[in-house]
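Top line first, the protein sequences correspond to chains A and B. Letter by letter, the first sequence follows residues 1 to 298 in the numbering used here. Letter by letter, the second sequence follows residues 1 to 1002 in the numbering used here.
To be clear, the hints were calculated from the coordinates, so they are not data collected in a lab. Honestly, I wouldn't trust all of these hints.
Claimed, not checked - Below 20 Å or equal to it, Euclidean Cα-Cα: the simulated EDC-like pairs (lysine to aspartate or glutamate) are: (1) A:Lys12 to B:Glu178; (2) B:Lys753 to B:Asp171; (3) B:Lys468 to B:Glu335; (4) B:Lys960 to B:Asp299; (5) B:Lys415 to B:Glu776; (6) A:Lys3 to A:Glu162; (7) A:Lys88 to A:Glu161; (8) B:Lys468 to A:Asp233; (9) A:Lys12 to B:Glu365; (10) B:Lys806 to B:Glu590; (11) B:Lys332 to B:Asp171; (12) B:Lys7 to B:Asp57; (13) B:Lys332 to B:Glu874; (14) B:Lys155 to A:Glu162; (15) A:Lys41 to B:Asp983; (16) A:Lys225 to A:Glu255; (17) B:Lys752 to B:Glu866; (18) A:Lys41 to B:Glu866; (19) B:Lys155 to A:Glu255; (20) B:Lys468 to B:Glu426; (21) B:Lys780 to B:Asp791; (22) A:Lys12 to B:Asp585; (23) B:Lys155 to A:Glu161; (24) A:Lys230 to B:Asp219.
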Amino acid sequence: MKKWNLVIDVAKCFNCNCCTLACHDEYGGNEFPGYAAEMPKLGHRWIDIEQRETGRRPMVEVSYLPVMCNHCDNPPCLEAAKDGAVVKRADGIVLIVPEKAVGQRQIVDACPYGAVFWNDEKQLPQAWPFDAHLLDAGWTRTRGSQVCPTQAMRTLHVTDEEMTRLAQTEVLEVRSPERGTQPRVYYRHLDRLRSVFIGGALSGVLAGILECIAEARIRLMHGGKALAEKRSDTFGEFRFSGLAPDSGAYTLHIEVAGFREKLIEVQLHRDSVCLDAIELEAAGAPPAAVTAHEPTTA
Amino acid sequence: MAIAEVKFSALLFGLSGVLRLMGSRHPRFARRLAGRNLTAQMRTADYAVARHFTFQDGRVRSGRGLHAAPDITVTVANAELGLKLFRLRPDHLERVEAMKNFQLQAEGPDDLVVWFTQTLNMIPTLFWKYGTDLGNGVTRYVSNTNGGPVFVHVKNGRILRITPIEFDTSDAPSWSIEARGRRFVPPRQTTVAPHTMCAKSTIYSTGRLLYPMKRVDFDPNGERNCGNRGISGYERISWDEALNIVASEIKRVKRDFGPGAIMGTHGSHHTWGNIGYYISAAYRFFNAIGTTKVVHNPDSWEGWYWGAMHHYGYSMRLGQVETYGLVEDLLKEAEMVVFWSADPETTSGSYAAFEGTSRRQWLRELGIEVVHIDPYYNHTAALLGGKWIAPRPGTDAAMAMAIAHVWISEGLYDKKFVAERCVGFELWRDYLLGNQDGVPKTPEWQEAETGVPAREVRALARRWGSSKTYLGAGGWGNGHGGACRSATGIQWARALACLMAMQGMGRPGVNYGLLQWGTPIDLNFSFPGYSDGGMSGDVEGTAIALSLYLRMPQLPTFNPPTQKVPRLRIPEAILEGHAEGYPWDGKTIEGQFQKFTYPKTGHAPVQMLYKYGGASIGTMTDTNRYVKAYRTDKLPFVVNQSIWFEGEAKFADILLPACSSFERWDISEFGGTGGYALHGQTQMNHRVVLMQHKCIEPLGESKSDFQIFTELASRLGLGTYFCEGMSELDWVKRMFDASDLPKHITWKKFLKKGYYVVPVPAENRRHPPALRWFYEGRKKDVPEPHPLPGDYTEQYLEGLQTQSGKFEFECSSLKRFDPDDPERPPIVKYLPSWEGCHSPLHGRYPLQLISPHSRFSYHTMSDGKESAINEIREHRVLVNGYYYWVIRINAQDAAERAIALNDLVLVHNERGAIVCAARVTERLPRGVVHSYSSSAVYDPMGDPGYSVDRGGCVNQLTPKRSIAKQVMGTAANSCLVQVVRWDGSSGQWSASVAATEMEAAS
């Protein structure tokens, strides 16, 4: 049978927060018996957006991660709930039944994603119910999907088999798969939230003037193997993205006509490395030793 | 008896029957009829026909002939006219003419006349139905906001939810553009901005003003205690008491002081709609009572208006060029887009929500190179990627000149265009080469100013000069916001205009834009924009004479006093009794040269402020000034008409609670601005004209602005003149009839469904690209009725608005005005910012603060007041139970100050001090801090105007100084501050200490 899934493209999220505001709009001042009690006016973020910044000027990357109840197929909250306060519907949606969940704070504690909020006034655990009351009434998209200006958030009503296939073809991931919770909220480009990059800007003297060096060939070496190859752009810049933090030593191998070949060793720690002033030496100048780079910022 | 007299007599007789019948059938009408007890008489001037109607406790009686003592009498010149004017669908031109020529007159108390005529006009509306039944007691209405149009689901009289509009199959198809082998189609729905998506939370906010209020220690007949404004509390009073006080104050100050004693002013864009908005109902009211006008500066245009305009004209666009057809041209031709001080993903094209966002995604798909020049790694850059260049704030003009220097040195410009379509290039070229001052404006020269490596500027210049490049300047692409609002804003806009001339603006792939303006929609369909004047009748102060008056005849209005106060000088006008400024007048290039002063000869000093909306403290510059101006006896009376109790509303003597636009009728178009932003609808993917349904009843005792103005005007005998005896809904219908809508959709259907999507023209009927005609030396062929015919130098429709008709590197208008003005010489030259890295104060206040428009709120709309956006961590941060405004600071600058993420910091200079929450980031270079302007919350921790504010009004810190001496513009982005960890005290900053510091430094 067809079940509900959410697919979020991290590369398209730009933190406009329309999905979080639509969630406030839907549950603020409203209650939907059987689905959700009213959300407190302030203080709850049933849909939230985390952000992450990496790199430093002039190369910065900012990524945003919309997070919400994952509607897990193996939901820890269900395990923790008593008296049927949490239900897993046949269409995949997990509901905290407001009429039954009063006082069950353990439901909040059970969620490994911190997606369940405690309503102090109502003594009630609350989470984003996948707008199930709307889908049940014939809506085909969640409020967040509908309002997203970049179409970063897609509501999919497909069979599990089809979803598995989509996850493979679109390279989708879920958050913390190692917990075995089996979320129904999938992410594209989730890598942007954890990977780092090695970037740089090449310059060199041409006709007596320091210029950006475009069209240089830069190879990234790691563990004796060439990982990737890039050409420097108009501004002499290049960037190798998608690297693992703390992944050790890399070597940049830079070649461009008219300049000496250059090797730079880079130690990748927690954050990205941006070498914004790599000056190439003119061909014919005495050879220089391999430059080692230690990032100045942690 | 003549036949007409028989007929008119019969019509009046019939009317009495209709009144009774409608009263028995429609409970709403029965309630209306029960609203007043009076006898109204209608007669012809010669008494040939007369009938009276007596309304008593909801019952209607009528009799033929004259009544002995009618409360009101409506007189029509003769029976023929009576038949015309009182038919079911009267011709408004005939009605207006009859009123103007004293052929239709009313006697008796004005409020009764308004009630009687509005009641008669109500009859046809009783059959109208609106909204779509969604089942389960839910009705879907439609509304429009400055952040996009919306569906409003209402249940039991309460708003359930607000969503964007998803088009259905009966709505007109969308356009598509084929470019480089791909076909691009926009999404079949509208988008909404965050400040609209949170609307429900602010409508039902406890921050709403729900009742008329009076400051507790304000006594209009005794002690006024003006110094206590902002300190004393308020007590609830009745509408009658509130309106009577305001009406008697209006009369008093006019009687005791003379014309100009009332100053009327509005904030910018706090709601939306062609009828109930400020350039409509409010202007009509202010003109009707006679006010000293507050002259806004062109605050989104500044550098383009005061600067770039002199090079190419476009005064009717306030110095920004035309943008027709540019989405298609860019997608088909451009190889690079340079975003310069442009963050459309934050500024939303002002009223265009996220309509341009989906289009800019296509840049990536087409592999078009992008460059972002902005001290802040802004949201557009973060989304699209590309090269980020971060000049020091206020130095961009130096970089632009260095780009021109490279082009000249390496021959990378359109020499034919410069020779044939431009004048004065040689003079500017010589300046750039250093032939005038010995300083060549090289990339190395600019590096010292901007901090941007010379090699990067050279690389940019070469790439730009050798490939088809769009310049996306400011949020609209052809200017708007950002760097134009700084001490060097004029230079920046001028230099950019010169760059575009050097590249041959109008050449395929070479133009202004960033896919924000210029979609291929139908511009021949007429629906007026908000600045086309609505019901204002204001033929002098709006675009009504050009765009609407012929279609929607109405009683014209004029403001008798001609005294003006610059909006940025309201405090000086009040406190010092003197102010001067230069006007925002786009009719001609020379409009801006006409200096004015306050007080104006023969006029009264301002004694009363009628404030509509509440935004000054959060939106103007050096805004502790405004607080001080409120707290003085020099301003004896302040009335504020506001939806929320916030900002300067807390400084009023009388508060009139206005309802939100969701609680009243209106009609408008998505982003339909008109006026100086003509055809701004091309920012939208679809032209959508909207009914703004009255979705819910006004909350509490709040009333629509139209209603408040009507009731106040009635107390001055001006009610009938103000509303022409019609309700808001009647005016909405008039606006519908005045547009092209009736040619395409019936009123019945439009009213019910609530919106209409204007069909797109066929691909071969699209408007040609902007400026192509100029590039190719042809007659102007875009649908732009500017400049004024008399502003063409030679042949009509040939050439630009400048004296030469060409692009002028050396501006003849500036030569005529003041060739020796060092701040605005005839060719653009670089002059460092008066508040920047070279300023003496830089040592004491070493951080440059840029304060662009907020991403999540709109001016003060949607901030504070329990708005859901308070939860957005980029907007406000909850620390110890208080939602603090956010300031962004470079990581190293923060580390040196021991500031970590979400630490509370004191941001201060000699003008003020505010507490913010810090966001530590690499998105800013060292020495620059970034915090949005427009906090709605002003929350002084001590004496208002003199103490630390924790509400986040960064506008307290920005300079009041005008961009240049001979203009009146805001330079808010030229601002030096210091940031330190906040010790939690309110005594960490005091105005007197700061003033001493300033003296020591200067």
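Going through the hints against the structure:
no., hint, result
1, A:Lys12 to B:Glu178, "violated (23 Å)"
2, B:Lys753 to B:Asp171, "holds (11 Å)"
3, B:Lys468 to B:Glu335, "holds (5 Å)"
4, B:Lys960 to B:Asp299, "holds (13 Å)"
5, B:Lys415 to B:Glu776, "holds (14 Å)"
6, A:Lys3 to A:Glu162, "holds (10 Å)"
7, A:Lys88 to A:Glu161, "holds (19 Å)"
8, B:Lys468 to A:Asp233, "holds (17 Å)"
9, A:Lys12 to B:Glu365, "holds (13 Å)"
10, B:Lys806 to B:Glu590, "holds (17 Å)"
11, B:Lys332 to B:Asp171, "violated (28 Å)"
12, B:Lys7 to B:Asp57, "violated (30 Å)"
13, B:Lys332 to B:Glu874, "violated (36 Å)"
14, B:Lys155 to A:Glu162, "violated (38 Å)"
15, A:Lys41 to B:Asp983, "violated (30 Å)"
16, A:Lys225 to A:Glu255, "holds (17 Å)"
17, B:Lys752 to B:Glu866, "violated (33 Å)"
18, A:Lys41 to B:Glu866, "holds (7 Å)"
19, B:Lys155 to A:Glu255, "violated (68 Å)"
20, B:Lys468 to B:Glu426, "violated (24 Å)"
21, B:Lys780 to B:Asp791, "holds (14 Å)"
22, A:Lys12 to B:Asp585, "violated (42 Å)"
23, B:Lys155 to A:Glu161, "violated (40 Å)"
24, A:Lys230 to B:Asp219, "violated (76 Å)"
In summary, the structure is inconsistent with hints 1, 11, 12, 13, 14, 15, 17, 19, 20, 22, 23 and 24 from the numbered list given earlier, while agreeing with the others.
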